[in-house]
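Quick mapping for you: the protein sequence lines, in order, are chains C and Y. Numbering-wise (full-length UniProt numbering), the first sequence opens with residue 1 and increments by one. Numbering-wise (full-length UniProt numbering), the second sequence opens with residue 1 and increments by one.
Any given hint could be a false lead.
Unchecked claim - Cross-link-like lysine-lysine pairs, in silico, BS3-like; alpha carbons within 30 Å at most:
no. : chain 1 : residue 1 : chain 2 : residue 2
1   : C       : Lys24     : Y       : Lys99
2   : C       : Lys99     : C       : Lys149
3   : C       : Lys149    : Y       : Lys149
4   : C       : Lys149    : Y       : Lys24
Said to hold, decoys possible - Some chain Y residues judged to face chain C by a derived CB distance under 10 Å, without partners named:
no. : residue
5   : Leu25
6   : Leu48
7   : Thr56
8   : Pro58
Derived by calculation from the structure, the hints in this document are not laboratory data. Yeah, the Cβ is synthetic: ideal placement off N, Cα and C, and Gly gets one too.
Number of protein chains: 2
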Amino acid sequence: MGVPLLSDVPPSHPRYASLLTREKLVEGVERGITGLNGLIAQGRGEALDYLLGEVTTPPAEEAERAAAALLLLAERPVLSVNGNAAALVPREMVDLARKIGAPLEVNIFYRTEERVRRIADHLRSFGAEEVFGETPDASVPGLDHARGKASRGGIFDADVVFVPLEDGDRCEALVRMGKRVVTVDLNPLSRTARTSTVTIVDNVVRALPNLISLVGEMGGQREAELREIVASYDNRAVLRRSVEAMVSHLSRQFSTFEE
Amino acid sequence: MGVPLLSDVPPSHPRYASLLTREKLVEGVERGITGLNGLIAQGRGEALDYLLGEVTTPPAEEAERAAAALLLLAERPVLSVNGNAAALVPREMVDLARKIGAPLEVNIFYRTEERVRRIADHLRSFGAEEVFGETPDASVPGLDHARGKASRGGIFDADVVFVPLEDGDRCEALVRMGKRVVTVDLNPLSRTARTSTVTIVDNVVRALPNLISLVGEMGGQREAELREIVASYDNRAVLRRSVEAMVSHLSRQFSTFEE
Numbered sequence: 001m002g003v004p005l006l007s008d009v010p011p012s013h014p015r016y017a018s019l020l021t022r023e024k025l026v027e028g029v030e031r032g033i034t035g036l037n038g039l040i041a042q043g044r045g046e047a048l049d050y051l052l053g054e055v056t057t058p059p060a061e062e063a064e065r066a067a068a069a070l071l072l073l074a075e076r077p078v079l080s081v082n083g084n085a086a087a088l089v090p091r092e093m094v095d096l097a098r099k100i101g102a103p104l105e106v107n108i109f110y111r112t113e114e115r116v117r118r119i120a121d122h123l124r125s126f127g128a129e130e131v132f133g134e135t136p137d138a139s140v141p142g143l144d145h146a147r148g149k150a151s152r153g154g155i156f157d158a159d160v161v162f163v164p165l166e167d168g169d170r171c172e173a174l175v176r177m178g179k180r181v182v183t184v185d186l187n188p189l190s191r192t193a194r195t196s197t198v199t200i201v202d203n204v205v206r207a208l209p210n211l212i213s214l215v216g217e218m219g220g221q222r223e224a225e226l227r228e229i230v231a232s233y234d235n236r237a238v239l240r241r242s243v244e245a246m247v248s249h250l251s252r253q254f255s256t257f258e259e
Numbered sequence: 001m002g003v004p005l006l007s008d009v010p011p012s013h014p015r016y017a018s019l020l021t022r023e024k025l026v027e028g029v030e031r032g033i034t035g036l037n038g039l040i041a042q043g044r045g046e047a048l049d050y051l052l053g054e055v056t057t058p059p060a061e062e063a064e065r066a067a068a069a070l071l072l073l074a075e076r077p078v079l080s081v082n083g084n085a086a087a088l089v090p091r092e093m094v095d096l097a098r099k100i101g102a103p104l105e106v107n108i109f110y111r112t113e114e115r116v117r118r119i120a121d122h123l124r125s126f127g128a129e130e131v132f133g134e135t136p137d138a139s140v141p142g143l144d145h146a147r148g149k150a151s152r153g154g155i156f157d158a159d160v161v162f163v164p165l166e167d168g169d170r171c172e173a174l175v176r177m178g179k180r181v182v183t184v185d186l187n188p189l190s191r192t193a194r195t196s197t198v199t200i201v202d203n204v205v206r207a208l209p210n211l212i213s214l215v216g217e218m219g220g221q222r223e224a225e226l227r228e229i230v231a232s233y234d235n236r237a238v239l240r241r242s243v244e245a246m247v248s249h250l251s252r253q254f255s256t257f258e259e
């Protein structure tokens, strides 16, 4: 569909990681998992990640640690999966779900039953045990009908929801329901970033492996220690430091180019 | 194809312009004019434009003025059209071509004969008189076969090429041929931006109408005046000011959010 395969590109290529990510997403479109809008969202992410230097910054690491603590402390955690997450990190979403004993829920912005089913099947092909979303039986208040669809036992009843790459309206609606919301969003100024309890300003392909390690590492910590990590976490400060990281990377890049 | 129409969105919506742009591009994909990669490129542009505040900045205005002067002074100007330009600004490309007496040439990154033909037809449907690209008979040196295809009487023989949204390799190859290259690129740090003679760091949907007015306005100026505009233009300085505009918009945005 107009995008070449990576077979010709050596892993040493400076843009290998971003080309690989792009290829996975195009594959997602071809498999009916990712919507066309997901490609545009991917492009937005690419540009912002480029501004971050394509690394997990110290504020992102701090957010990932707080996210791991929240997920470990949660009584009814749920991991939400959209078309981009399904294309980019299906194995990792399933792995994280298993490690924290959480179900997954398919939750896409432009909902079609067909696409929901394909994503659920895709996750099951990676070993997912409990996947909600195909037969929603509840509504998130404040969203219109198609956007608000949710499942009892899944997102509707969760106390902590991990919603990477989420839309601002839905993120706000979940927060209004009293849930703690963990998101991954490369735009530290977005409504999603500003509304969430913990915002990981990182590429989802780096954030998920990091979260999986952290959950493994921190799984043995005492509850009081985890609570302390959550209590001392300041999302606003983390977002500010993320913006600062972008500004300083941009300035640094520019000065190399001036030489 | 998973993207809603704008019919429901009022023009007063804060993101109306960017939603409209997005819709045009998705339409381009559906018509076989724009490739999937074009959607990702659009997303990158959206994020960068957001960082610019979605306005034509003073350095972009200066670049547009220099671009208009170069195009007016050119002996054999050519306007290159790719899948995104064809979807977003077909009428404007045709209009600009007519105003400066230049042919158009279809020049796409992931070339398929079918897509080239569709883009050429699309441009002709807006009244384009001379469209090269369907039967390339020359090669830009230093590019591989498919990427290097060009037409005599078109890009191959041009002294000034307007290549909005161009790839870095091809931009460099055109400059190496001794051409003066005018581009539109929202990333002031990209290889295309750094290589071109004049880089307009602006959204193509704003840059084209601006160029059309400027060409109209400046068309009556004496050649010596136009030469002076070109001679005093410093692309490096314009790029630096564009980066500064992004940094300052980003910081400003962040401080509003902190209140």
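Checked hints:
Proposed proximity of Lys24 (chain C) and Lys99 (chain Y) is contradicted: the alpha carbons are some 43 Å apart, above 30 Å. Under the criterion of a C-alpha separation no larger than 30 Å, the hint pairing Lys99 (chain C) with Lys149 (chain C) is consistent with the structure, at around 26 Å. Between the alpha carbons of Lys149 (chain C) and Lys149 (chain Y) the distance comes to roughly 50 Å, so the proposed pair goes past 30 Å and is violated. With a C-alpha separation of about 29 Å, the suggested pairing of Lys149 (chain C) with Lys24 (chain Y) holds against the 30 Å cut-off.
Interface restraint check for Leu25 (chain Y): the shortest CB-CB distance to chain C comes to about 8 Å, inside 10 Å, so the restraint holds. Interface restraint check for Leu48 (chain Y): the shortest CB-CB distance to chain C comes to about 5 Å, inside 10 Å, so the restraint holds. Of the supplied interface hints, the one on Thr56 (chain Y) is violated, with its beta-carbon coming no nearer than about 19 Å to a beta-carbon of chain C, more than 10 Å. Using the Cβ-Cβ criterion of 10 Å, the hint placing Pro58 (chain Y) at the interface with chain C is not satisfied: the shortest such distance is roughly 17 Å.
Hint violations for this structure: numbers 1, 3, 7 and 8, all remaining hints satisfied.
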